[in-house]
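Participant: Single-letter residue listing:
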Amino acid sequence: MKSTEEILEYLFETFPGTEFESLQGDVGPARIKVPAAMIKDVAKVLRDDDQLLFNTLMCLSGLHYPKEEEMGVAYHLHSTQLGHSLALNVRVSEQKPEVPSVESIWKTADWHEREAYDMFGIVFTGHPDLRRILCPYDWEGHPLRKDYVQQEFYRGVTTKE
Amino acid sequence: MIELISDTGERREMTINMGPQHPSTHGVLRLELVLDGEIIKKVKPHIGYLHRCFEKYAEEVGDYAKVIPYTDRMDYVSAMNQEHGYVLALERMLELELPERVEHIRVIVAEMQRIASHLLGIGAFGLDLGAFSPFLYLFTEREKILDIFEKISGARLLYNYMAVGGLMRDVHPEFKTDVAEFVKTFRPKIKELDDLLSYNRIFIKRTANVGVLPVEVALNYAASGPVLRGSGMKWDLRRNDPYSIYDRFEFDIPVGEGEMGTLGDCWDRYIVRVREMEQSLRIIEQALDSMPDEGDVMQAIPKRIRMKEGEVYVRTESPRGELGYFIASNNSASPHRVKARAPSFVHLCLLPAISKGSLIADMVAIVGSIDIVLGEVDR
Amino acid sequence: MTTLLNIPLVIHLALPLTIILVYALVAIWGERKVAGFIQDRLGPMRVGGWHGWAQSIADLLKLIQKEDIIPANSSRFLFKFAPFMMFAASYAAFAVIPFSSGYIGSNINIGVFYLLAVTSVLTLSIIMAAWASNNKWSLLGGMRSAAQMVSYEIPTIATVLTVIVVSGSLNLMTVTEMQSGNDILGFLPNWFIFQNPFLIVAFVIFFISILAESHRVPFDLPESESELVAGYQTEYSGMRWAMFMLAEYADMLLLSLLGAVLFFGGWNSPFGDFMSGPLWGFFWFMLKGLLLVFVMMWIRWTLPRYRVDQLMHICWSILIPLSFINLILVALWELIF
Numbered sequence: 328m329k330s331t332e333e334i335l336e337y338l339f340e341t342f343p344g345t346e347f348e349s350l351q352g353d354v355g356p357a358r359i360k361v362p363a364a365m366i367k368d369v370a371k372v373l374r375d376d377d378q379l380l381f382n383t384l385m386c387l388s389g390l391h392y393p394k395e396e397e398m399g400v401a402y403h404l405h406s407t408q409l410g411h412s413l414a415l416n417v418r419v420s421e422q423k424p425e426v427p428s429v430e431s432i433w434k435t436a437d438w439h440e441r442e443a444y445d446m447f448g449i450v451f452t453g454h455p456d457l458r459r460i461l462c463p464y465d466w467e468g469h470p471l472r473k474d475y476v477q478q479e480f481y482r483g484v485t486t487k488e
Numbered sequence: 006m007i008e009l010i011s012d013t014g015e016r017r018e019m020t021i022n023m024g025p026q027h028p029s030t031h032g033v034l035r036l037e038l039v040l041d042g043e044i045i046k047k048v049k050p051h052i053g054y055l056h057r058c059f060e061k062y063a064e065e066v067g068d069y070a071k072v073i074p075y076t077d078r079m080d081y082v083s084a085m086n087q088e089h090g091y092v093l094a095l096e097r098m099l100e101l102e103l104p105e106r107v108e109h110i111r112v113i114v115a116e117m118q119r120i121a122s123h124l125l126g127i128g129a130f131g132l133d134l135g136a137f138s139p140f141l142y143l144f145t146e147r148e149k150i151l152d153i154f155e156k157i158s159g160a161r162l163l164y165n166y167m168a169v170g171g172l173m174r175d176v177h178p179e180f181k182t183d184v185a186e187f188v189k190t191f192r193p194k195i196k197e198l199d200d201l202l203s204y205n206r207i208f209i210k211r212t213a214n215v216g217v218l219p220v221e222v223a224l225n226y227a228a229s230g231p232v233l234r235g236s237g238m239k240w241d242l243r244r245n246d247p248y249s250i251y252d253r254f255e256f257d258i259p260v261g262e263g264e265m266g267t268l269g270d271c272w273d274r275y276i277v278r279v280r281e282m283e284q285s286l287r288i289i290e291q292a293l294d295s296m297p298d299e300g301d302v303m304q305a306i307p308k309r310i311r312m313k314e315g316e317v318y319v320r321t322e323s324p325r326g327e328l329g330y331f332i333a334s335n336n337s338a339s340p341h342r343v344k345a346r347a348p349s350f351v352h353l354c355l356l357p358a359i360s361k362g363s364l365i366a367d368m369v370a371i372v373g374s375i376d377i378v379l380g381e382v383d384r
Numbered sequence: 316m317t318t319l320l321n322i323p324l325v326i327h328l329a330l331p332l333t334i335i336l337v338y339a340l341v342a343i344w345g346e347r348k349v350a351g352f353i354q355d356r357l358g359p360m361r362v363g364g365w366h367g368w369a370q371s372i373a374d375l376l377k378l379i380q381k382e383d384i385i386p387a388n389s390s391r392f393l394f395k396f397a398p399f400m401m402f403a404a405s406y407a408a409f410a411v412i413p414f415s416s417g418y419i420g421s422n423i424n425i426g427v428f429y430l431l432a433v434t435s436v437l438t439l440s441i442i443m444a445a446w447a448s449n450n451k452w453s454l455l456g457g458m459r460s461a462a463q464m465v466s467y468e469i470p471t472i473a474t475v476l477t478v479i480v481v482s483g484s485l486n487l488m489t490v491t492e493m494q495s496g497n498d499i500l501g502f503l504p505n506w507f508i509f510q511n512p513f514l515i516v517a518f519v520i521f522f523i524s525i526l527a528e529s530h531r532v533p534f535d536l537p538e539s540e541s542e543l544v545a546g547y548q549t550e551y552s553g554m555r556w557a558m559f560m561l562a563e564y565a566d567m568l569l570l571s572l573l574g575a576v577l578f579f580g581g582w583n584s585p586f587g588d589f590m591s592g593p594l595w596g597f598f599w600f601m602l603k604g605l606l607l608v609f610v611m612m613w614i615r616w617t618l619p620r621y622r623v624d625q626l627m628h629i630c631w632s633i634l635i636p637l638s639f640i641n642l643i644l645v646a647l648w649e650l651i652f
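Chains as they are written, first to last, in the numbering used here: chain A, 328 to 488; chain B, 6 to 384; chain C, 316 to 652.
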């Protein structure tokens, strides 16, 4: 069982030269910010390393930060063998929201990533089947973005009262 | 006309839509099946028919507390557990201390809701397999729970009963006797259920060795709750990541043992739910004993919630599995982001992995055994 | 021994039809009542006053008024024709059923043979309906039904054959007459089920097979609503659907009555000469048939449903070998005693 600080240190040792960052809000536990391009490699180590063994991805959520013009992805991991949890954050620019997919590492990410794509337009590179999941396939825009404007008509039917 | 044989005389696969209007998809789920005869070659679930933008609403409503009624409507057959998860997440962010009475009432109603939800899940599972009568027997029992809920909250399905830091209103004076009476009458019914359904030879034939989910696959797909326990893993958030006052109660975690076939088959998932109801009864009894008779259930409710900046992920054991709320706040009166990690959503994702090569009839059994609620899948 | 009543042809035609229609109305109401009591509720209670007795009539009136929907890409003639053919097949089979000592539609020597042959048309009409609907669920239901009915016809015929071995006649009237009297152990009626221990086994196999033949739970796969929506009936509505319903209930009664003739002495009174005669005969016969129908309903509301491969397994690797072995044993018993 390791605390977030210990895991951060361990990651610095495993990936020398990578800019991991510890984020601490006013409330809630600390998170580790991982550079977007690294997330898949980090995830693989997190799952397979004997010291970490994060075998489940509890949750994967998209986020939008309009002030910083950034999109974010939050990963929540848990190890059922070692009993520790970890939160990872990834930030990418709004213009090019591309994050490597972790679907091949935790299968459960499949639908979570599709949902994040559907709701935020974050593109998960390497995802085998990145389609919209909750909205219709021909829906315009990504509803959970803060700057989302609802389309007026969908297939000729008004969407407003 | 439907042509099963192509012009060149080869066997042709047939694509068929199971749902969104189908009796046993438990709502508006569409499964795109590719069939060879009755054998399923490929399953592709399509969801979103019940999408109501819960998360967008939570961000835009302008008040953390106003989101609570909407959590009810996610998993509408276990509304109390949904509320419980959400208010716990906010309480953890606000670091609130709750009165004992509130905690006890919450645990009692959450466990009763768990029983009610399992009764529906088991009943509908039987219904999917053609056993009509158990469904109605179980509904009689569920009705008793709903009657108690109606007395305490005024509603039968969507309660809006829990508040951040307390409860919307105190329970009625006879609450304890009502619940004790229910516990007493319900316990023998589980035995009846075993006789009628659990150990019915046809039922076992239909569920054993069907939809086998090995534990490694289950973990990789982040399965939880009865689905994970059915695969033989002793994992219950009430024990492994205790919240509320669950650490004070004694209860066992029933797991699948492959009693009737392979470990992790539909029968194991089913029997875990049946055994869990017994454990819930135990928790209710203990909570009734230690529940204080006096106390203001509304004293700790904050007048106005204003959250600082931060992110939490709080998970609770809902009847269907791990219900997680990811809440990101940004120094304002409404959340920056609320994501509900719904267990049904995650379990539906693993459906293609366990149903390949089975028959249409097995598909129905598998969907029934993972016990999905589409309101929660689509949110 | 029996003297058939001399009645005109019109009544010959109308009598079984009336019996079937009245029975169907009562049975549909009865099924809902049985289901209600088994499930600890009341069933229909409103229509007509006493225990909702007019519920089936109200349902029938509703069905008559419903729109007759025919899917756009269906094969229209076959689609329209299938329900009537199905009903005609079950109706025609009633011709050889001896309703009482005074009445049988057609007293022919190959009665059993005729009955089994005519009911095979049911399979054909179901496939016709399934194919013509141009619906994939219907097609799956039709395929299941074809496989199921063709397979289960074998144990049905094999068990009927065991009775024929004992009776030595294919005429159902003769078969019934052979079971008159109360001689077994001094008080039991001379019904075939009491005459030979292997015939009890034969009856069990026969009953399981007719459950499957008439698509009752646990073998209701062709129309299993939780799997195939409604199987071959999916696209039907209104009166055409009602015809299917009618045919199915008629089929249930037909096979139950056949069971009553073959194993339970047909119209013979269980008390020898007491309460016997053409009218009492009709009463006893219908009572026996309806009791078997009731057992079918009882089973339906108690058990879950088998899967299609398990259904076939039961038929081909259990019932068929068992019924043929039983046939030989019955023949040996008859030879020895």
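Hints were generated in silico from the structure; no laboratory data involved. The C-beta atom is built at its ideal place from N, Cα and C for all residues, glycine as well. Please note: incorrect hints may appear among the correct ones.
[What the hints assert, rightly or not] Some but not every residue of chain C turned toward chain B, in silico, with C-beta under 10 Å:
1. 347
2. 348
3. 350
4. 396
5. 492
6. 639
7. 640
[To be verified] Straight-line Cα separation of at most 25 Å, DSS-like style, residue types lysine-lysine; simulated pairs:
8. A:434 <-> A:473
9. B:61 <-> B:46
10. A:360 <-> B:181
11. A:473 <-> B:239
12. A:434 <-> B:239
13. A:329 <-> A:394
14. B:313 <-> A:473
15. C:451 <-> B:361
16. B:61 <-> B:361
Participant: Failing hints, ascending?
Facilitator: Structure breaks hints 1, 2, 4, 5, 6, 7, 8, 9, 10, 11, 13, 16.
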